[in-house]
Amino acid sequence: MPRPFLQPARISTIALLLAGVVLFGAVAPLHWEALSGAQLGVAERAFFLPPPEALRVASLGFNNVAADVIWLLTIQYIGAHIFTDAKLPELFQMVDTVVTLDPHFVEAYTLGALFMNYSGGNVRGAIALLERGTRANPTRWEPAHDLARTYYLDLKDYRQALHWFEVTDRLPGRPHYVPRFIARLYAATGHRETALGLWRAMRDSAGSDWVREIAEREIAKLERPAAPSPPQEAR
Amino acid sequence: MKISAIALNTFREAVRDRILYSILAFALLLIGASAILASLSIGQEGRIVKDLGLASSSLFGTFIAIFLGIGLVFKEIERRTIYAIIAKPIHRFEFLLGKYIGLVLTLLVTVGVMALLVAGLAWAIDGHWTSDLLGAAALDFLALMIVTAVALLFSTFSTPTLSAIFTLAVFVIGRLSGDLKLFADQFAGPGLRLIINGMYMVLPDLSRFQIGAQIVNALPLDPAQIAWTVMYGLAYILMLLLLAIGIFQRRDFK
Chain X
1 MPRPFLQPAR ISTIALLLAG VVLFGAVAPL HWEALSGAQL GVAERAFFLP PPEALRVASL
61 GFNNVAADVI WLLTIQYIGA HIFTDAKLPE LFQMVDTVVT LDPHFVEAYT LGALFMNYSG
121 GNVRGAIALL ERGTRANPTR WEPAHDLART YYLDLKDYRQ ALHWFEVTDR LPGRPHYVPR
181 FIARLYAATG HRETALGLWR AMRDSAGSDW VREIAEREIA KLERPAAPSP PQEAR
Chain F
1001 MKISAIALNT FREAVRDRIL YSILAFALLL IGASAILASL SIGQEGRIVK DLGLASSSLF
1061 GTFIAIFLGI GLVFKEIERR TIYAIIAKPI HRFEFLLGKY IGLVLTLLVT VGVMALLVAG
1121 LAWAIDGHWT SDLLGAAALD FLALMIVTAV ALLFSTFSTP TLSAIFTLAV FVIGRLSGDL
1181 KLFADQFAGP GLRLIINGMY MVLPDLSRFQ IGAQIVNALP LDPAQIAWTV MYGLAYILML
1241 LLLAIGIFQR RDFK
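So the sequences go chain by chain: X and F.
As numbered in my numbering, residues 1 to 235 make up the first sequence, in order.
As numbered in my numbering, residues 1001 to 1254 make up the second sequence, in order.
Covered stretches of chain F (in silico footprint by chain X; criterion: 3 or more residues with CB under 8 Å from a CB of chain X, positions within the stretch not fixed): (1) 1036-1044; (2) 1167-1181; (3) 1201-1211; (4) 1216-1230.
Since the hints were derived computationally from the structure, they do not count as laboratory data.
These numbers were taken from a predicted model, which means no experiment stands behind them.
Even glycine gets a Cβ: it sits at the ideal position worked out from N, Cα and C.
Based on the sequences and whatever the hints tell you, model everything.
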């Protein structure tokens, strides 16, 4: 009688191999980054990123882990460019992949939009990302708040800013200063103070040096003698 | 009594198996490594540890269920110990149930160790205890019980090689069945839709048991849905065990 291929000794070898492959798969992206930095940068690899829907299937339902791995790659990509050429052309695609894999990864929307806007100069991309974040997470205040901030500070669209601050105001856990900003927007006064307040709030709650640095840079701009022009009426 | 004796014996046999410790070592290494990976994530340390930890527990638990499950009956046949067992006053269903419960007990211990490590790491990072993580691991454990029952079913009539392939296939399809059904509803023609929906009805939908994403993203859980999932899992396990017993009863060991 022929012996079966999977005998006890072989089963342990195959199980070990499979476990090894999974372990390698989890740490390989970072090793690859370290080993291939000179030949293939994160930007080039972002270009070859598979479509998010394909990744959804390939991840066998472990979508959150796939989103986390792409998020770690995204952080490396931002880190590689933020203090050098400040060009982040692949950032939208990378963050889009992350939030397609996990639509409830709120920080990917907010941090992705922040870097897209202030380091990549893509304010429209940031707005699109945050709007998607508010649709996917209607009970979270963060994307709505950041949308209000972006409309207010970057697009000077006070009507939209007011709308999104009001949306933020209705959501649980929102920052305490939101009603004050709404009042200021209705009164159409204190633009500089409002902007400074928004940036100081971001600096104080920043979870990383990168975010803090962006906030401090913008605070320094606003504290220079030439103040920006007053806002138009919100309503 | 007979079932518990066989279950305890199977448990003792499993905990002496090298495979269990090898896979567990890899799993614990990966869960530990997730804490290092997490430090690169800009404020997302807790999230990465929980995601990677729960996924490791689920995936390595599946490996244990498959690689120990496929040999449950086959080993007894290959070593010819089955003849000594069935000659004793013991029903075949008692033998099979004992084997199943023994492996499930092994899984309970290993998944428990992994889940406690993940929850402990998350506690150390977040600064607060997330008991829901243990709930997610418990529901995933039910999915592992289904995979074990599938492996046991195949091991009653097939070789370990084929059993491993079939069980792995059921696991993969089970993890993707939610997406497959969505694909069928949106894009497939009537014929393909019928096939995919038929497969969806027959094969286990393992994606139902994954609530880790909801817990990690602090989304509300629906207790009714969880209760239905638990009932679905238990019913599925019962059906698989009855099928396995039916096949094993008819097997000729002459």
